[in-house]
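Number of protein chains: 4
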Amino acid sequence: MTRVIVWNEYIHEKENKVVESLYPRGIHNTIADGIRKDGVEVGTATLEEHEHGLTEEVLNNTDVLIWWGHAGHDRVEDYIVQRVHQRVLKGMGLIVLHSGHFSKIFKSLMGTSCDLKWREAGEKERLWVVDPAHPIAEGLGAYIELEHEEMYGEHFDIPAPEELVFVSWFAGGEVFRSGVTYHRGQGKVFYFRPGHETYPTYHNQEVLRVISNAVQWAAPKHGATPVYGNAQPLEQI
Amino acid sequence: MTRVIVWNEYIHEKENKVVESLYPRGIHNTIADGIRKDGVEVGTATLEEHEHGLTEEVLNNTDVLIWWGHAGHDRVEDYIVQRVHQRVLKGMGLIVLHSGHFSKIFKSLMGTSCDLKWREAGEKERLWVVDPAHPIAEGLGAYIELEHEEMYGEHFDIPAPEELVFVSWFAGGEVFRSGVTYHRGQGKVFYFRPGHETYPTYHNQEVLRVISNAVQWAAPKHGATPVYGNAQPLEQI
Amino acid sequence: MTRVIVWNEYIHEKENKVVESLYPRGIHNTIADGIRKDGVEVGTATLEEHEHGLTEEVLNNTDVLIWWGHAGHDRVEDYIVQRVHQRVLKGMGLIVLHSGHFSKIFKSLMGTSCDLKWREAGEKERLWVVDPAHPIAEGLGAYIELEHEEMYGEHFDIPAPEELVFVSWFAGGEVFRSGVTYHRGQGKVFYFRPGHETYPTYHNQEVLRVISNAVQWAAPKHGATPVYGNAQPLEQI
Amino acid sequence: MTRVIVWNEYIHEKENKVVESLYPRGIHNTIADGIRKDGVEVGTATLEEHEHGLTEEVLNNTDVLIWWGHAGHDRVEDYIVQRVHQRVLKGMGLIVLHSGHFSKIFKSLMGTSCDLKWREAGEKERLWVVDPAHPIAEGLGAYIELEHEEMYGEHFDIPAPEELVFVSWFAGGEVFRSGVTYHRGQGKVFYFRPGHETYPTYHNQEVLRVISNAVQWAAPKHGATPVYGNAQPLEQI
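Residue numbers (the working numbering), protein chains in the order written: chain A, 1 to 237; chain B, 1 to 237; chain C, 1 to 237; chain D, 1 to 237.
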């Protein structure tokens with residue numbers, strides 16, 4: 001059983017009628033419903049909950065955390081960010097969506113500004129698969145097309161991805177590295193670009209397929225057990 | 001069901017008593033027996049069989065091919081190498097073991113000489129996990145220790161690995177990038193260093209665990225479907 | 001002094017009036033003239049010359065080889081391809097341009113099909129810099145714009161680039177990894193997409209700047225001296 | 001002219017007679033003297049200076065910063081760490097040495113714990129070149145040997161290196177990724193393992209050669225100029 005928590009700041013849905021109509025129970029519940037299936041148990045957590053819904057107990061029982069944030073990045077407590085960071089290093093998978101590129105947790109895991117170009121013009125985005133062997137691209141065609149999305153353009157100030165899965169084309173003339181993977185300690189991180197709150201992106205079956213694939217990819221495998229600190233020699237010196 | 005074929009040139013076992021005593025039914029059968037389990041169907045193929053046991057039909061029904069060769073590299077027909085190469089690009093996983101570094105198929109997939117330093121002195125090898133988040137390292141400790149192995153030392157003339165999972169320490173003073181992954185087309189390739197024929201390496205449970213993990217990692221995921229060739233524009237130009 | 005040879009099949013220029021008018025002395029001479037400067041000595045070689053102009057002596061005195069081929073890939077002799085391949089592994093830089101993606105030398109260095117989507121529609125290409133720290137991007141702005149180019153689209157069947165410097169946007173809706181680097185043995189390889197023969201791409205100062213930067217990047221640095229083959233232990237075993 | 005600052009906490013040299021005798025004017029001055037040459041201007045800075053010697057003006061006039069710290073990591077002010085971090089993202093090269101793996105600046109650029117195994121036993125270290133094409137390995141042989149060093153062993157909790165240049169062998173049985181490169185924003189980062197304060201490592205000519213090579217590699221190239229923030233479309237949508 002893979003245990004997933006979808007975290008959402010849950011702000012826009014309560015302040016903007018367009019967002020509310022698209023995601024009446026919040027982006028988190030739409031994503032959770034869209035990826036729940038046999039073998040995958042999905043819960044949610046939001047900014048306003050106690051410790052943002054990310055207590056030690058919750059995180060210790062989470063295999064993969066999905067993160068959507070935007071207007072409330074600064075309201076996420078630093079000690080919670082530290083806690084999530086530590087859990088990732090210990091093996092929890094993390095999937096950061098869209099405007100989460102500027103979240104404290106993503107920036108602290110990347111070590112860069114995570115800045116980018118952007119534009120809200122409802123233009124067409126086409127996400128091309130550039131690594132068809134990657135499990136996160138499982139079941140897709142050559143690309144995913146989204147009729148209306150916010151534009152994110154290069155330069156995206158992230159470390160060179162360990163694996164580059166998607167590159168986006170935008171009608172307005174830009175490109176973007178839209179699906180990128182990293183290992184951090186024993187944990188895996190996937191950033192996936194689409195998902196502006198005023199578009200129905202998280203109702204798109206291919207977008208949900210990618211997130212669902214990423215959950216499988218990011219789930220910890222009870223990997224090797226590294227050893228740190230002072231150590232006696234294994235051989236006679 | 002993941003369908004695996006273990007390919008072995010099957011020469012040393014018939015010519016060398018030490019090797020025969022370690023692997024009486026051939027290295028291929030020892031490996032096949034060691035990784036067979038629920039959900040994994042394992043067959044074998046050898047150099048002397050018709051088309052080296054790698055007919056179109058066999059390969060089209062193989063998800064992961066494991067390759068052990070040494071003395072007979074030159075006796076593998078070029079058209080079979082081409083056929084395996086094409087199958088890898090179409091999605092078949094390939095696990096190349098030990099002296100397979102000099103096989104035609106590995107060299108053609110790498111594009112380099114695949115040369116290295118080597119020594120047969122039965123010295124100790126210790127394979128350190130350098131990427132504990134990697135699924136191929138699942139279930140291991142900090143390292144695998146092999147009391148007696150052939151030494152392979154750097155420089156190993158391969159392309160920079162896409163993922164580096166193991167680095168070996170040798171008693172004689174060398175190191176080696178011992179577990180390395182690549183994507184090639186829609187297929188995945190894993191090279192794993194240990195397995196000299198005069199040592200009982202493929203009876204080691206941790207070595208078998210790594211190969212078994214690698215089978216899961218390399219099995220095709222019915223990935224994205226790329227499109228090639230001349231194409232009409234998707235947008236009005 | 002960095003010694004460069006620009007190799008060109010030199011076929012289209014003699015058969016097509018448009019190409020001839022753009023490159024009256026051949027693409028090779030336009031590129032050579034465009035990158036010649038203090039400290040860089042540039043010669044040319046073509047398919048019709050003895051040994052395609054790539055004798056042992058020429059290659060042994062070349063630091064960086066630039067390759068433009070298209071209609072004549074099959075007419076390049078295999079033993080010359082082998083010779084160039086060996087020189088790359090020994091340290092010679094190689095810059096492969098545009099339709100050179102299907103050259104024998106590039107495919108043998110990559111180990112993949114190097115296939116892609118393509119379209120001749122004279123559409124706009126915009127090459128975005130995705131790694132502004134890379135020396136090959138020195139002196140550029142955020143992107144290079146080419147008013148008319150042939151389209152190459154993903155999936156581009158190459159190994160994951162070691163460094164991804166440029167990603168192209170095309171008006172017709174595709175993207176492409178347009179500037180990619182690899183190490184192969186002691187040599188460095190850079191593939192750069194633009195340069196269809198019917199457009200004035202190699203007269204563009206930014207394109208020439210990229211090629212010129214790439215020459216500096218790819219020039220051998222009298223690097224470390226690897227050792228291969230059978231070796232005595234460095235430590236008492 | 002490449003402008004280099006060697007930063008050192010300068011603590012052990014004043015507290016430990018062994019260290020003082022090896023580095024009477026401090027590790028920083030030994031390194032500075034060892035890498036100064038035509039075209040490279042080298043200064044120093046230490047913890048006790050005003051703003052640790054790293055004022056805005058100093059950093060704005062520095063191309064490459066070299067960092068040695070150990071006992072005083074916590075005494076480095078956070079705002080100075082932020083300042084250095086920002087300068088790296090804007091293009092300044094950073095070379096982190098030995099125990100600097102636990103410095104605030106390195107950890108914030110990596111996003112991981114940067115933890116490792118260690119042992120002070122004065123054992124032999126042999127640094128193998130695993131990427132002979134890399135400019136940082138220029139002029140070396142197959143390896144560098146250091147008779148006495150502190151051991152650092154895997155797992156080293158860093159992001160997968162973008163380029164892996166050296167792997168260390170230790171007499172006590174461990175290995176370590178000893179020379180690793182990263183791009184961060186417009187800046188380049190090189191971590192180089194050797195240099196425990198009680199050994200004469202920074203008097204070793206090959207170690208100095210590596211640091212000197214790394215300075216050339218890390219020096220900013222007046223690279224591409226990325227653009228961030230809200231942007232008008234480049235094409236009609």
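Treat the hints as calculated values from the structure; they're not laboratory data. Keep in mind that this is a model prediction, so the values were computed, not measured. Be aware that a few hints might be false.
To be verified - Straight-line distance between alpha carbons at most 27 Å, and here's what the computed DSS-like set of lysine-lysine pairs gives:
1) K104/B - K221/A
2) K104/B - K124/C
3) K90/C - K14/C
4) K37/B - K37/A
5) K124/A - K124/C
6) K37/D - K104/A
7) K221/D - K37/C
8) K221/C - K104/D
9) K104/B - K221/B
10) K37/C - K104/D
11) K90/C - K104/B
12) K90/A - K37/D
13) K221/A - K37/B
14) K37/A - K221/B
Said to hold, decoys possible - If you anchor each label on the Cβ, the simulated ranges turn out as follows:
15) K90/A - Q232/C: 37 to 47 Å
16) T225/C - E57/A: 31 to 41 Å
17) E206/D - Y228/C: 43 to 53 Å
18) K14/B - K90/A: 28 to 38 Å
19) G39/D - R75/C: 37 to 47 Å
Glycine residues also receive a C-beta, built at the ideal position from the N, C-alpha and C atoms.
Worksheet item: Taking only the CA atoms, is the gap from K37/B to K37/A under or equal to 27 Å?
Response: holds, 26 Å
Worksheet item: Is the hinted range of 37 to 47 Å satisfied by the C-beta distance from G39/D to R75/C?
Response: holds, 46 Å
Discussion item. Check the hint pairing K104/B with K221/B against an upper bound of 27 Å on the C-alpha distance.
Written reply: holds, 26 Å
Discussion item. Tell me if the beta carbons of T225/C and E57/A are separated by a distance inside 31 to 41 Å.
Written reply: violated, 56 Å
Worksheet item: Would the pair K221/A and K37/B pass a check requiring their Cα atoms to be no farther apart than 27 Å?
Response: holds, 18 Å
Worksheet entry | Agreement of K90/C and K104/B with the hint, judged by alpha carbon distance not exceeding 27 Å | Answer holds: K90/C to K104/B is near 20 Å, not above 27 Å.
Worksheet item: Keeping to a limit of 27 Å between CA atoms, is the pair of K37/C and K104/D held or broken?
Response: violated, 44 Å
Worksheet item: Taking 27 Å as the top limit, are the C-alpha atoms of K90/A and K37/D close enough?
Response: violated, 45 Å
Item to complete: Take a quick look at whether K90/C and K14/C sit within 27 Å of each other, Cα to Cα.
Response: violated, 34 Å
Practice prompt. Mind checking the alpha carbons of K104/B and K124/C for me, to see if they're no more than 27 Å apart?
Written response: violated, 42 Å
Discussion item. Hinted pair, alpha-carbon criterion (27 Å max): K104/B, K221/A. Please report holds or violated.
Written reply: violated, 33 Å
Item to complete: With a cut-off of 27 Å on the C-alpha distance, tell me whether K221/C and K104/D pass.
Response: With Cα atoms ~33 Å apart, K221/C and K104/D exceed 27 Å; violated.
This entry does not satisfy hints 1, 2, 3, 6, 8, 10, 12, 16, 17, 18, going by the numbered hints stated previously.
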